[in-house]
Amino acid sequence: MPRNLFKQALSEGRRQHGLWCTLSSAFTTEVVAGAGYDWLLLDTEHSPGDALTVLPQLQVIAGYPGVSAIVRPASNDAVLIKRLLDIGAQTLLIPYVQNAAEAEAAVRATRYPPCGIRGVSGLTRATRFGREKGYFDKAAEDLCVIVQIETAEALGNLKAIAAVPGVDALFVGPADLAASIGFGADLSNPGLRKTVIDAISKIKAAGKPAGLLSGDPVLMKMAAEAGVDFLAVGVDAGLLARSSEALLAQAASL
28 MPRNLFKQAL SEGRRQHGLW CTLSSAFTTE VVAGAGYDWL LLDTEHSPGD ALTVLPQLQV
88 IAGYPGVSAI VRPASNDAVL IKRLLDIGAQ TLLIPYVQNA AEAEAAVRAT RYPPCGIRGV
148 SGLTRATRFG REKGYFDKAA EDLCVIVQIE TAEALGNLKA IAAVPGVDAL FVGPADLAAS
208 IGFGADLSNP GLRKTVIDAI SKIKAAGKPA GLLSGDPVLM KMAAEAGVDF LAVGVDAGLL
268 ARSSEALLAQ AASL
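Note that the sequence shown covers residues 28 to 281 in my numbering.
To be clear, the hints were calculated from the coordinates, so they are not data collected in a lab.
Using C-beta positions, here's what the derived DEER-type ranges look like:
1) P29 / D203: 28 to 34 Å
2) R152 / L275: 38 to 44 Å
3) A78 / V58: 18 to 24 Å
Straight-line alpha carbon distances no greater than 30 Å define the calculated DSS-like cross-link-like pairs of lysine-lysine that follow:
4) K165 / K186
5) K221 / K186
6) K186 / K109
7) K248 / K231
8) K229 / K186
9) K229 / K248
10) K221 / K231
11) K221 / K248
12) K186 / K231
13) K109 / K231
14) K231 / K165
15) K109 / K160
Idealized CB from N, CA, C, for every residue including glycine.
Let the hints inform the model, and build the full structure from the sequences given.
This is how it looks when you write it as structure tokens:
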């Protein structure tokens with residue numbers, strides 16, 4: 028079974044840098060896979076993506092052994108999680124986890140009975156179509172469950188969420204968090220920055236790795252100083268949008 032290099036790096040305390048992929052295309056994923064990021068997040072929550080688009084993206088990333096794939100299901104849903112695991116996802120970012128019970132549900136969705144509720148099939152890509160004989164017994168060892176903290180309620184329950192067995196890391200989502208605590212779309216608000224850094228510090232104090240997505244250079248620097256373990260520094264759609272605008276502006280100024 029392929030080793031989960033992302034999970035291994037978390038256990039070794041090595042910071043990893045990533046890029047969000049929302050264009051839902053294997054071709055665009057291959058373009059960025061060679062850029063040198065440690066991990067790529069394949070998003071199906073805020074993108075048109077689903078299991079059928081994630082599958083070829085995973086196949087592309089497999090051609091870049093130094094790059095890890097993280098997949099975000101559209102919700103904390105056992106059926107969606109099962110489908111993504113069956114096509115070979117090993118690391119999942121579960122959105123909108125509010126409390127310990129929801130974190131426990133996310134973990135149980137990734138585990139076979141009696142430890143969970145994941146459905147069993149011996150002919151999935153994850154099992155190499157039945158060729159990986161020890162998959163049922165060993166799958167959990169190389170699965171990584173990350174839960175996303177993105178509301179005021181989740182912040183209040185952070186310690187309990189971090190204590191749930193099987194939760195490997197916690198990720199702070201600043202956009203939804205800003206909306207939840209009253210900052211709207213102001214992602215560079217000093218109050219939001221402080222809240223995010225406080226959350227990272229609490230996650231680290233609970234003994235779990237902390238992650239973050241941010242395009243704010245100030246917040247990224249603060250997060251690095253706070254010991255963030257995995258940091259996404261951009262979104263593929265954003266890179267395309269802003270770079271294409273800048274190129275046109277440059278040409279129009281000639």
